[in-house]
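Student: In the order they appear, the protein sequences are chains G and B. Anchor point for the first sequence: position 1 equals 1 in my numbering, and the numbering is continuous, going up by one each time. Anchor point for the second sequence: position 8 equals 8 in my numbering, and the numbering is continuous, going up by one each time.
Source of the hints: derived by calculation from the structure; they are not laboratory data. You may find that some hints are simply not true.
Mimicking SDA-like on lysine to any residue, the simulated pairs with C-alpha atoms at most 20 Å apart in a straight line are [as the list claims (entries may be wrong)]:
1. G:Lys-458 / G:Ala-201
2. G:Lys-202 / B:Lys-294
3. B:Lys-369 / B:Ile-88
4. G:Lys-202 / B:Thr-229
5. B:Lys-200 / B:Arg-293
6. G:Lys-78 / G:Gly-27
7. B:Lys-101 / B:Arg-293
8. G:Lys-78 / B:Val-364
9. B:Lys-200 / G:Ala-201
10. G:Lys-202 / B:Gly-380
11. G:Lys-78 / B:Thr-385
12. G:Lys-31 / B:Lys-294
13. G:Lys-469 / G:Asp-447
14. G:Lys-190 / G:Lys-78
15. G:Lys-78 / B:Pro-381
16. B:Lys-101 / B:Gly-408
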Amino acid sequence: MTIEVLMPALSPTMEEGTLARWLVKEGDDVKSGDVIAEIETDKATMEVEAVEEGIVAKLLVEAGTEGVKVNAPIAILKEEGESDEAVKSAASKSSETPAEQGESRGQEQDKDEVPDRAEGASGSSAKDEGGEKAKAKSSSLKDPEIPEGTKMVSTTVRDALRDAMAEEMRRDERVFVMGEEVAEYQGAYKVTRELLQEFGAKRVVDTPITEHGFAGVGVGAAFAGLKPVVEFMTFNFAMQAIDHIINSAAKTLYMSGGQMGCPIVFRGPNSAASRVGAQHSQDYSAWYANVPGLKVIAPYDAADAKGLLKAAIRDPNPVVFLEHELIYGESFDVPDVDDWVLPIGKAKIRREGTDCTITAHSRMVGFALQAAEKLAEEGIECEVIDLRTLRPLDTDTVVESVKKTNRIVCAEEGWGRMGVGAEIAAVVTAEAFDYLDAPPARVHQADVPLPYAANLEKLALPGVDDIIKAVKAVTYAE
Amino acid sequence: MSNGQSRFHVPAPPFRPGDAPDFSHLDLQKAGEAKRPDPLTAPAKMTDLAMGLIGVLDHNHQAVGEWDPRLSPEVLREGLSHMVLTRIYDARMLKLQRQGKMSFYMKSLGEEAVAVAAAMALEKSDMVFPSYRQQGILFARGRNIVDMMCHCISNSRDNLKGRQLPVHYTWAEGNFFSISGNLGTQFPQAVGYAMACAYKGEDTIAASWIGDGTTAAPDFHAAMTLASTYRAPVILNVVNNQWAISTYEGIAKGDSPTFASKGLGYGLASLRVDGNDFLAVYAATKWAADRARKGGGATFIELFTYRADAHSTSDDPSRYRPKNEFEVWPLGDPIERLKNHLIGFGEWDEERHEKLEEQMTALVVKSYKEAESHGTLHDGPLSPTHTIFEDVYATEDWRLRRQRQDLGV
């Protein structure tokens, strides 16, 4: 088959660059590792290496072209004996891509999805200011710019989620909400407040108590072209629905050879509440984040809850949206803009720091920030990364941060075994091993079913002090 | 305590290998006896239809009673032709599997009417959510046989790109849902699809099929509840072919008098139909489709039939049931019955039937040759390796591209 060579990125912030010079011409044989072109940005130049062997079949971008988008195809390699037809068809396909990729996030697009635009041309060698070779990759997904002077409105997470659904329901008639107690009762946690009054019983549908059954109904409706938002009273009750979420929603696009996709959002509170016992307190982050075909989002503040839920509803893929009961009532600033949509798959650095990176998602972000404040009083500056999306996981932001701080503490509310922190620790160890000054540390729940009694529950759940302790351990402060 | 043994109960089939099967204990209502109420009748007023048996073709192959759909000879011959093709296709595929040219196969021998008659009674725009034994729908809807075979071989023209077991077809264009390997998930999904059609104001309905064994699954009960609650325009079929692999129907049915009667508790219109009677299956499906389209809600249909061959190529039924059960099955063979019906009123004869079989055999042989030109199981070409990373998401994620590059494809 033909192989596309893509415009690589030199840094996480790079979005476009100049293709300064080709070092090969059409018809040349190249081997993996051969330098084939030079790329320039205003900061540095970089050599592009061929990842695969092949014959240069076509150069798609002329030398000297400025403003070539990251990840746009710049050349096509073919294998020996491959027909020109294949090259032609690959070239015509490629010519459509750069335009799409050039669209900037935050712009209103007449498309269902928020493009999950990201990059990663591997095998390129970079010469940056320090002359250090780094694997070229980046995350060009960015939050939309908030224009100066934008009013910020203090909103609870609960209302931000509600507003996201209401706005998407006004925008797209295919969007509807279903679940237990969502209509007349306005949601068990009042997240669907006033939706019934505005949209009526056709679009806000009460269901009987069968998460398994109504998840299946939602999946079927999605295959019919609607965009269901299925509310689970909690994700604990959705364990029986997991067959539809994973075996049907997540796998059918693939198993049907790309013929049938499932645009659906499964949302509701996840993880511990206050003393509801082990069966009502489980954190499913790692479960769902393990599954190809799903996108998994776990926001912390109200602005992210709103912007990411809107993105989830527009996404053409099945999305598991993990909320947290204990932050529903917390208020945060939300920008008062017409259409606040955030990129799925992009972490957010909530606090910059130089001494240790802390990763967290959902409610643990608040604890991580508190821990960072206390540590700052002792002279330890932490960089707090809110993962926001667990699949696709923005590992680049984490790895870049660790290269700066040389230490990492991965905090999560769920169990540690095979957990989110385990995954991040593995990625960091693989991709930034030489930068680490201490083994990655994890903060998580005790490895027991969560006890009910307040004193035991508190002991089992991770908190601010656990994070502080872990940071001090990896910074050898104690 | 001493009485414990009598209270512990696991039901067993009436016959095991070596027994002489005799189905005279089955109390089957005679063809033509069941009343045909208006399709909008309230379920509580037609509960007898769940206990009896809707049949049209009698022992003399005459069409009798209120359920006779009065189809033209052309339509009947078309139905016969689809059933013959289904049977010949199945037989050929099994043979090829036994020769190692296919990894796995599942036949629908004896159940051809269940799929073919239903598909012909539905509109082509109606969405079907079948199980793995309704391949007859594909023939009735005109699916290209070469494409079906290419899927079963997993070769370079497999429209599922080598990602699904043989016989688990998907055909979006033909409104044929992706067959799930997990039994029963299609039942609530069909309800949701049907609700979505109603939501959009479309005339389209959905239909789904599961086997008798799957009626024990949560999906069955949830789908029945939700179809009733929301009066979804859906037809929920249970194909009672007597055997869920090696467990006989009683293992899932328990002490319910019939599978159809399970629908009554949910408040659904519930019909029990002779699944080997093409005309009865056609008429019942048409009735249920009318009911759904007119806003009467869902219908639950038990299709009473017999799985004449093994569950799949991995199964040997001679270990758990007498070999000749199908020969003495009181409802006969669906193809023979429709054929004899047509012959009975001079619209068919043995010679034409033989010719039809020859034509269909030639079509299957020729199609298989063409299918193999797109690749064989052992020598390929198979689905190109780079496609392994496609379609995980609607848009390609860079992580997948990186995996592909790491693999060098």
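Student: Does each hint fit the structure? Answer for all of them.
Tutor: Here is what the structure says about each hint:
{"no.": "1", "hint": "G:Lys-458 / G:Ala-201", "verdict": "violated, 41 Å"}
{"no.": "2", "hint": "G:Lys-202 / B:Lys-294", "verdict": "holds, 19 Å"}
{"no.": "3", "hint": "B:Lys-369 / B:Ile-88", "verdict": "holds, 15 Å"}
{"no.": "4", "hint": "G:Lys-202 / B:Thr-229", "verdict": "holds, 14 Å"}
{"no.": "5", "hint": "B:Lys-200 / B:Arg-293", "verdict": "holds, 13 Å"}
{"no.": "6", "hint": "G:Lys-78 / G:Gly-27", "verdict": "holds, 10 Å"}
{"no.": "7", "hint": "B:Lys-101 / B:Arg-293", "verdict": "violated, 44 Å"}
{"no.": "8", "hint": "G:Lys-78 / B:Val-364", "verdict": "violated, 38 Å"}
{"no.": "9", "hint": "B:Lys-200 / G:Ala-201", "verdict": "holds, 14 Å"}
{"no.": "10", "hint": "G:Lys-202 / B:Gly-380", "verdict": "violated, 51 Å"}
{"no.": "11", "hint": "G:Lys-78 / B:Thr-385", "verdict": "holds, 16 Å"}
{"no.": "12", "hint": "G:Lys-31 / B:Lys-294", "verdict": "violated, 67 Å"}
{"no.": "13", "hint": "G:Lys-469 / G:Asp-447", "verdict": "holds, 18 Å"}
{"no.": "14", "hint": "G:Lys-190 / G:Lys-78", "verdict": "violated, 57 Å"}
{"no.": "15", "hint": "G:Lys-78 / B:Pro-381", "verdict": "holds, 19 Å"}
{"no.": "16", "hint": "B:Lys-101 / B:Gly-408", "verdict": "violated, 29 Å"}
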